[in-house]
Amino acid sequence: VEAFESAGIVPISFDIESQAIAQAVIHRGDKRSHLIVNLLAEKSGLYVVEDEVVQFSVTPAYGFGEDDSYLGLSDLRAEVRKVLAFWNARIDPLRQSSGIEKIILCGSGASKKDFVKKLMSESEVRYVLADVWLNTSPFRNYVPDMPFEESLDFASAIGLVLPDSR
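The numbering of the sequence shown is the working numbering, which starts it at 1 and goes up by one.
Read the hints as simulated data drawn from the structure, not as lab findings. Take the hints with a grain of salt, since some may be wrong.
[Stated by the list, open to error] Here are the computed lysine to aspartate or glutamate pairs in the EDC-like style, where the Cα-Cα straight-line distance is at most 20 Å:
# : residue 1 : residue 2
1 : K31       : E101
2 : K113      : D67
3 : K112      : E52
Taking the hints into account, I'd like the entire structure generated from these sequences.
Set out below in structure tokens:
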């Protein structure tokens, strides 16, 4: 805040990266539980989204590695399992809540097919690569000319410019 104010900018609000990504990659009106995995080089974000709101997030210091070494792969796989177990253990039949139904992968690491295959190899939950353009146009009549793999790294930026659906 101080940096903005020292530059003469008065911030009105701030958005959280996890919520911006959720806004971009989860279909509006989808109240189910999803796990978003934002794969970056040095860290990854794990965000549980239910009722279109990020309910839980954690940012382990494991990513795909700048040199594609995948050193933190087994640790990241363990973190994903922990989040799934934690969230699914709190299922409440009175709330008609189910467990995490889908894992959505985004970030620059999501385009690394070998890494994703190894990361998700033991997952019992279905996973998909994020469609970052999902909520940008109601009729999907315009999608920017950008390779799909490249678009995976822009989920947070796209989510920030979308109108708030909450």
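Verification of the hints:
no., hint, in the structure
1, K31 x E101, "holds, 11 Å"
2, K113 x D67, "holds, 15 Å"
3, K112 x E52, "violated, 27 Å"
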